[in-house]
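*Asks:* Here is how the chains run, residue by residue.
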Amino acid sequence: MITLIRVDDRLIHGQCIVRVLADFKIEKIVIVDDFTASNPVLKNVFLLATPPQAKSVIFSVEETKPNLLQFIENNENVLLLMRSPTVALELFKSHPQLKMELNIGPISYRPDTIKVTSYTYLSTEEIEAVNEIAERRVRVYFNQTIDQKIIEWNEVKNLLRSG
Amino acid sequence: MTIWQALLIAVFGYFSSIYSPWIIGLLGGWYTMGRPLVSGLIIGLILGDVQQGIIIGAAIQAMYIGLVTPGGSMPADVNFAAWIGIPLAIISGADSTYAVSLSIPLSFLGVIAVYSTASFNSLFVHKMDRYIADGKLEKAINIPVVGQITNFVCRFIPIFLANYLGAQFVPTMVSLIPEWLGGILTLLGSMLPLVGFALLLQYVVKKKLDLIYYLIGFILVAVFNVPIIPVVLIGLLFAYMDMKYSQTDLSSMKKTNIEKSEDKHKLLSQKDVRKAYWNWMFWNLSVQNFERMEAPAIIRMLGKVKEKLYPGNKEAQKELLTRHEAFFNTEPYIGSIIPGIVLGMEEQSAIKKENSADLISGIKTALMGPFAGIGDSLYVGTLIPILLSIALGLSSDSGNVMGPIFYVISHLGIMLPLTWFLFKSGYSMGLDSAQLVLSGGIKDKITQALNVVGLVVVGAITSMYVNVKTGLSFTQGDMVIDLNSTLNGLFPNLITVLLGLGTYYLMAEKKMKIGWIFLIFIGLAVLGYFTKLLAV
Numbered sequence: 001m002i003t004l005i006r007v008d009d010r011l012i013h014g015q016c017i018v019r020v021l022a023d024f025k026i027e028k029i030v031i032v033d034d035f036t037a038s039n040p041v042l043k044n045v046f047l048l049a050t051p052p053q054a055k056s057v058i059f060s061v062e063e064t065k066p067n068l069l070q071f072i073e074n075n076e077n078v079l080l081l082m083r084s085p086t087v088a089l090e091l092f093k094s095h096p097q098l099k100m101e102l103n104i105g106p107i108s109y110r111p112d113t114i115k116v117t118s119y120t121y122l123s124t125e126e127i128e129a130v131n132e133i134a135e136r137r138v139r140v141y142f143n144q145t146i147d148q149k150i151i152e153w154n155e156v157k158n159l160l161r162s163g
Numbered sequence: 001m002t003i004w005q006a007l008l009i010a011v012f013g014y015f016s017s018i019y020s021p022w023i024i025g026l027l028g029g030w031y032t033m034g035r036p037l038v039s040g041l042i043i044g045l046i047l048g049d050v051q052q053g054i055i056i057g058a059a060i061q062a063m064y065i066g067l068v069t070p071g072g073s074m075p076a077d078v079n080f081a082a083w084i085g086i087p088l089a090i091i092s093g094a095d096s097t098y099a100v101s102l103s104i105p106l107s108f109l110g111v112i113a114v115y116s117t118a119s120f121n122s123l124f125v126h127k128m129d130r131y132i133a134d135g136k137l138e139k140a141i142n143i144p145v146v147g148q149i150t151n152f153v154c155r156f157i158p159i160f161l162a163n164y165l166g167a168q169f170v171p172t173m174v175s176l177i178p179e180w181l182g183g184i185l186t187l188l189g190s191m192l193p194l195v196g197f198a199l200l201l202q203y204v205v206k207k208k209l210d211l212i213y214y215l216i217g218f219i220l221v222a223v224f225n226v227p228i229i230p231v232v233l234i235g236l237l238f239a240y241m242d243m244k245y246s247q248t249d250l251s252s253m254k255k256t257n258i259e260k261s262e263d264k265h266k267l268l269s270q271k272d273v274r275k276a277y278w279n280w281m282f283w284n285l286s287v288q289n290f291e292r293m294e295a296p297a298i299i300r301m302l303g304k305v306k307e308k309l310y311p312g313n314k315e316a317q318k319e320l321l322t323r324h325e326a327f328f329n330t331e332p333y334i335g336s337i338i339p340g341i342v343l344g345m346e347e348q349s350a351i352k353k354e355n356s357a358d359l360i361s362g363i364k365t366a367l368m369g370p371f372a373g374i375g376d377s378l379y380v381g382t383l384i385p386i387l388l389s390i391a392l393g394l395s396s397d398s399g400n401v402m403g404p405i406f407y408v409i410s411h412l413g414i415m416l417p418l419t420w421f422l423f424k425s426g427y428s429m430g431l432d433s434a435q436l437v438l439s440g441g442i443k444d445k446i447t448q449a450l451n452v453v454g455l456v457v458v459g460a461i462t463s464m465y466v467n468v469k470t471g472l473s474f475t476q477g478d479m480v481i482d483l484n485s486t487l488n489g490l491f492p493n494l495i496t497v498l499l500g501l502g503t504y505y506l507m508a509e510k511k512m513k514i515g516w517i518f519l520i521f522i523g524l525a526v527l528g529y530f531t532k533l534l535a536v
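The listed protein sequences correspond, in order, to chains A and B. Here the first sequence stands for residues 1 to 163, numbered as in the numbering used here. Here the second sequence stands for residues 1 to 536, numbered as in the numbering used here.
Don't read these hints as lab results, they were simulated from the structure. For clarity, every value in this text was computed on a predicted model and none was experimentally measured. Hints may be right or wrong, so weigh each one.
What the hints assert, rightly or not - Covered by chain A, per the in silico footprint, the following chain B stretches (three or more residues, Cβ under 8 Å):
1) 285-299
2) 327-333
3) 371-379
Glycine is no exception: its CB is placed at the ideal position from the N, C-alpha and C atoms.
Could you build all of it, start to finish, from the sequences and the hints given here?
*Replies:* Here it is as structure tokens:
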């Protein structure tokens, strides 16, 4: 069962390990990232960095698609983790049965990005992707850890248009 | 308080703030002098009352012991709580429990300082980008030094003013506190360490059965009055048994060594590598900003050796710094392996004259997450609180100076060699080093052992630092039955352990936010005081 779908450009990191895994009682982390999946040493580092209470698997976007159904249907609490909303959009398209909620956590500044929340910067392409996800009636919200404020996509999207 | 004492306190308070670079970055500052127990020692020395300084510092430390702040999400900041709360409490002759109650609003003010600093500093980062673009490289690598001004303003000035001006009227204010309010504050302050201990338990307890270790530690002190050093030894024994009888396979720890290629060409001498290391260690959070986080420190580190990597080639040096302008953020000390890897990869790329910019930034970006995770949970969330718990145990005997001294020596004694080892391994072995230091489950075993020792120690100091009683008594004929001694006959310090476990339950199981927990404690203190249900 997929408990949380999260976009977070540092994938596994402090907030993720210290808070998110505990708050959602995560048992398995499915990391969807082409770069990490393509480098065997890096892949190993991620597997080794996962704390003992959870297990990680790392797939490229293409590898994820045939495997995703088993994580939707199993009994474990699964965290589906990726770097970018564009990846999330692809998965929502290929798997309409996914949980209709997307949590966007920290995404760092890059040139040509717009500040959406104090911790999330999105490129135009990523904003398009989020819009398309929201149009599929998925609830998109921004939140770092559950003890902090939740910001709904609906609250910020109009500001982005007018700004 | 003289103006000189207030100035000295403000200087040290500023040195101990989270983004101050001067005492080996956070290592000697925020994570050493900035811990209220150590702050208490320094403030005590300045004000001429070491013992009282440590007693108050220890009380505030106990409450904030579980404060782990991953990835810039900051619920409370102990800098103002310690460097304003402790000195004013000392000169007012106030009880340490007053100081604990009053430190809460100060800690929220501290958060404002953190957010203002990190927001304002984006300006400096943009300036850095411009300097690099204009080829003013020396100016660019000095941004962490120049940008430190924001942190100085946000810390030195408030601490100085609060101490100097506060010293004029706070003692009068404290003497004017009516008896009932004083009673409530004392009761509140003596219960609040339970919030800190519960926060810590939340990070350390992996399965509910682990709470047994907490209870064992509590009983060792409450029932048998065991001092802290034997408690630690007993904790180590439990850790050994826990590892021995759990599923983990120790044989995998013998991992084959990855070959070191000795005949690599070198551009950097040992001295250059050390220079890079120290620049990282001191400046990593100096110009902390939400936009790029630690990127200016990476630029400073590489900028310090740019002449060695690309001698005389200004264009190549400029490109080198430009490609590290991107966001970088990790736990700086366990994560020191990453700047090490970056340095090694940049050196190889300069030798082979090939463009590996994408690979370097890809690996740098990929690694910052995992090492932040390990650093925050193992170092900030486990090692520091456990060393502090032992130190609190040593100081529980009326402000013994051994507590802070033990903490300073053990913390720096572990972290300085460890960070150099990580940085050096990263530099000489590259990405393989990241795999090597994590292999064999060493990290998981250290965590497991530390957690068991930690639980026993936290149980012990809960009983040393908190002793909540009930003031209720019953009259039966001529006899007055004191409910408290009846309860203690059943289980010494029973109310404390029940309150402690209850707080943990609210946080871990009910996911209650810390602000609500504070409110509940305030409510308990008010209610407990007037009904005599609770007493100190």
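*Asks:* Now look at each hint and say whether the structure bears it out.
*Replies:* Going through the hints against the structure:
1. 285-299: Holds, because 4 residues of the region 285-299 of chain B bring their Cβ atoms closer than 8 Å to Cβ atoms of chain A.
2. 327-333: With 4 residues in contact (Cβ-Cβ under 8 Å with chain A), the coverage given for the region 327-333 of chain B holds.
3. 371-379: Since 7 is at least three, the answer is holds.
Violated hints: none; the structure is consistent with every hint.
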